[in-house]
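Colleague: Chain by chain, the residues run as shown.
There are 2 protein chains.
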Amino acid sequence: MSFATAIAANDVSPAAIDAAPSAVRGEVTVRLAMRHAGERVLRLRYELVGRAHAPVVLVAGGISAHRHIAANAVFGEKGWADGLVGSGRALDPARRRLLGFDFIGADGDLDVPIDTADQADAVALLLDALGIDCLHGYVGYSYGALVGQQLAIRHPQRLGRLVAVSGAHRPHPYASAWRALQRRAVALGQLQCAETHGLALARQFAMLSYRTPEEFGERFDAAPEVVNGRVRVAAEDYLDAAGAQYVARTRVDAYLRLSESIDLHRIDPAAVGVPTLVVAVEGDRLVPLSDLVSLVEGLGTRGSLRVLRSPYGHDAFLKETDRIDAILANALRLPGENA
Amino acid sequence: MSFATAIAANDVSPAAIDAAPSAVRGEVTVRLAMRHAGERVLRLRYELVGRAHAPVVLVAGGISAHRHIAANAVFGEKGWADGLVGSGRALDPARRRLLGFDFIGADGDLDVPIDTADQADAVALLLDALGIDCLHGYVGYSYGALVGQQLAIRHPQRLGRLVAVSGAHRPHPYASAWRALQRRAVALGQLQCAETHGLALARQFAMLSYRTPEEFGERFDAAPEVVNGRVRVAAEDYLDAAGAQYVARTRVDAYLRLSESIDLHRIDPAAVGVPTLVVAVEGDRLVPLSDLVSLVEGLGTRGSLRVLRSPYGHDAFLKETDRIDAILANALRLPGENA
Numbered sequence: 001m002s003f004a005t006a007i008a009a010n011d012v013s014p015a016a017i018d019a020a021p022s023a024v025r026g027e028v029t030v031r032l033a034m035r036h037a038g039e040r041v042l043r044l045r046y047e048l049v050g051r052a053h054a055p056v057v058l059v060a061g062g063i064s065a066h067r068h069i070a071a072n073a074v075f076g077e078k079g080w081a082d083g084l085v086g087s088g089r090a091l092d093p094a095r096r097r098l099l100g101f102d103f104i105g106a107d108g109d110l111d112v113p114i115d116t117a118d119q120a121d122a123v124a125l126l127l128d129a130l131g132i133d134c135l136h137g138y139v140g141y142s143y144g145a146l147v148g149q150q151l152a153i154r155h156p157q158r159l160g161r162l163v164a165v166s167g168a169h170r171p172h173p174y175a176s177a178w179r180a181l182q183r184r185a186v187a188l189g190q191l192q193c194a195e196t197h198g199l200a201l202a203r204q205f206a207m208l209s210y211r212t213p214e215e216f217g218e219r220f221d222a223a224p225e226v227v228n229g230r231v232r233v234a235a236e237d238y239l240d241a242a243g244a245q246y247v248a249r250t251r252v253d254a255y256l257r258l259s260e261s262i263d264l265h266r267i268d269p270a271a272v273g274v275p276t277l278v279v280a281v282e283g284d285r286l287v288p289l290s291d292l293v294s295l296v297e298g299l300g301t302r303g304s305l306r307v308l309r310s311p312y313g314h315d316a317f318l319k320e321t322d323r324i325d326a327i328l329a330n331a332l333r334l335p336g337e338n339a
Numbered sequence: 001m002s003f004a005t006a007i008a009a010n011d012v013s014p015a016a017i018d019a020a021p022s023a024v025r026g027e028v029t030v031r032l033a034m035r036h037a038g039e040r041v042l043r044l045r046y047e048l049v050g051r052a053h054a055p056v057v058l059v060a061g062g063i064s065a066h067r068h069i070a071a072n073a074v075f076g077e078k079g080w081a082d083g084l085v086g087s088g089r090a091l092d093p094a095r096r097r098l099l100g101f102d103f104i105g106a107d108g109d110l111d112v113p114i115d116t117a118d119q120a121d122a123v124a125l126l127l128d129a130l131g132i133d134c135l136h137g138y139v140g141y142s143y144g145a146l147v148g149q150q151l152a153i154r155h156p157q158r159l160g161r162l163v164a165v166s167g168a169h170r171p172h173p174y175a176s177a178w179r180a181l182q183r184r185a186v187a188l189g190q191l192q193c194a195e196t197h198g199l200a201l202a203r204q205f206a207m208l209s210y211r212t213p214e215e216f217g218e219r220f221d222a223a224p225e226v227v228n229g230r231v232r233v234a235a236e237d238y239l240d241a242a243g244a245q246y247v248a249r250t251r252v253d254a255y256l257r258l259s260e261s262i263d264l265h266r267i268d269p270a271a272v273g274v275p276t277l278v279v280a281v282e283g284d285r286l287v288p289l290s291d292l293v294s295l296v297e298g299l300g301t302r303g304s305l306r307v308l309r310s311p312y313g314h315d316a317f318l319k320e321t322d323r324i325d326a327i328l329a330n331a332l333r334l335p336g337e338n339a
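Protein chains in written order, with full-length UniProt numbering: chain E, 1 to 339; chain F, 1 to 339.
If you're looking for bench data, these hints aren't it; they were derived computationally from the structure.
It should be emphasised that the depicted structure is a prediction, and the values quoted were computed from it without experimental measurement.
Please note: incorrect hints may appear among the correct ones.
Stated by the list, open to error - Cβ-Cβ distance ranges computed for the label pairs, FRET-style:
| hint | chain 1 | residue 1 | chain 2 | residue 2 | range |
| --- | --- | --- | --- | --- | --- |
| 1 | E | G108 | F | A223 | 21 to 31 Å |
| 2 | F | Q157 | E | E282 | 40 to 50 Å |
| 3 | E | F75 | F | A241 | 41 to 51 Å |
| 4 | E | R43 | F | D240 | 49 to 59 Å |
| 5 | E | L334 | F | E282 | 39 to 49 Å |
| 6 | E | D237 | F | R219 | 51 to 61 Å |
| 7 | E | D322 | F | Q190 | 21 to 31 Å |
| 8 | E | L305 | F | V307 | 24 to 34 Å |
| 9 | F | V307 | E | D237 | 41 to 51 Å |
Glycine residues also receive a C-beta, built at the ideal position from the N, C-alpha and C atoms.
Isolated chain E, as found in the complex (with noise of 0.2 Å):
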């Protein structure tokens, strides 16, 4: 291929995946040419779960998202999915392979701009380093879906269809300003030798946009306090500890330049080759119902839509895994399998 090429699979070999057991990790270094950064040599990490054989759905989340998706038997600790992932969900490690993993920059050791293109042509050499020719189907949420048009866009032999949630073929201006003012908090604690106290608010403010005003009202409708002299409103717990435990797991790097590459993608939805289900959340406050709708316009016949309600707005994939799990079970379908 011209776009790079794998150059190492360390781990583990097709055929080792094959025979292991039910999940596996690893990590190949790949030569990868990035559009804003050159030439690069990366590691691409991934996690593969579920029967040999089977059909591969990838499986790919936010920016905060990585490799293990879900729980399983051989890695017990808690995915970013869980709920979407079980016996009898579209997601069914006993019928599909699921692979996931964590974008290039998500350790934080590449602090340059990073195009969606280059994940997508990452994702591709990956693919062509565990000798799967073709996805059965890619999922994608949020950032994993803007990735997930551009795998359609740049290798559409690589997958059969492509689900994306919660993500348009151009960031909304609104929702670019608000994470370029959360880059801005970064900096601004950087600036203080407080770059984890930035990272945290941040983060904060990122909350407000993945949420909606709704389950804000119902959760924290509590009078304010008044504590050392300063105002506390009753939402600032609930922020203190999204914060803290996202600056627990996230490189500040990482975030700055994945926050940064939803900011760069834009894409020309008539240049998607394989059929797409676009799944856009009312009230997402992040990626508005109607640029979604234009998606779906530009992809023309390939492109079909569902659309939720949900208080949850854009995390409403992972809040609302049993309606998310039902248009997946019909998105996902092999011919033959029961409804």
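On the provided structure of chain E, position chain F as indicated by the hints.
Modeller: Below, chain F alone, put in the same frame as chain E:
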């Protein structure tokens, strides 16, 4: 009065005001019993503009507003609501006397929690000092609307009618969370002598709450740029200007304490003692229409509602000046005045 006493009116007497040119400024020193901070001696700064003996309309804006409502012959600099004041307008200095005041705390010298009830008591003291028994009307927008509600509860004999624009009986929990994070941005800046940097960031986040995605979508749809290895989105020039402009005229403590004051606000609508017109903006991200519907329900027979749709969201009062003027003209009309 029990709550406080005017102890000095330094600059001007009521008689002087009647004989004065069309615009006077002054300040009165008062002793105020504050809800969270005990008794304080404070200066109340005001500007009074218009024909002597005309009905007085007090106009109060958001936490960044001040006593200078609009440019006039004596004080020619731009005001915060120029578009609403002028010949033929509902706020016409030839037919009304317009009273503006600086919120207590706006000078940055009062570093304690400030309640909207404190502001209302201060207004009552100011009216005492100026010899104004009863305002023809009180027009309050945003924070000014909250103060107006308190005035109408605590001193209903001092105003004939209230027009409360984009301000509810309590802050929405989502909006409170948003403001709490803005205050944290200031606190992060204060960690190491970057106080104005933090204040600028807080203001920039506030701008996102004042405006709407629709407006940003129209204005800032250009692709981002990579500048010195960092992604810069289209709205950042605008946000830079908004931040710089704000820090040039705002004391950090004024911002913090008035922002907190919004979050402290809680009133019982049934206690409002005067006819009240509530003006809501559909699409306001800070003050949802549904909260203003609740406010109007609580007001009972004293309440009525007007709803605007505007891409300017919370800032519609300052931007949709013709439509706001039409509403004010109707609300502030005297018997016998032309429609």
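Colleague: Now, for every hint given, state plainly whether the structure supports it.
Modeller: Here's how the hints hold up against the structure:
| no. | hint | in the structure |
| --- | --- | --- |
| 1 | G108(E) x A223(F): 21 to 31 Å | 26 Å, holds |
| 2 | Q157(F) x E282(E): 40 to 50 Å | 47 Å, holds |
| 3 | F75(E) x A241(F): 41 to 51 Å | 49 Å, holds |
| 4 | R43(E) x D240(F): 49 to 59 Å | 37 Å, violated |
| 5 | L334(E) x E282(F): 39 to 49 Å | 46 Å, holds |
| 6 | D237(E) x R219(F): 51 to 61 Å | 36 Å, violated |
| 7 | D322(E) x Q190(F): 21 to 31 Å | 46 Å, violated |
| 8 | L305(E) x V307(F): 24 to 34 Å | 30 Å, holds |
| 9 | V307(F) x D237(E): 41 to 51 Å | 34 Å, violated |
Hints 4, 6, 7 and 9, counting from the list given before, are not met by this structure.
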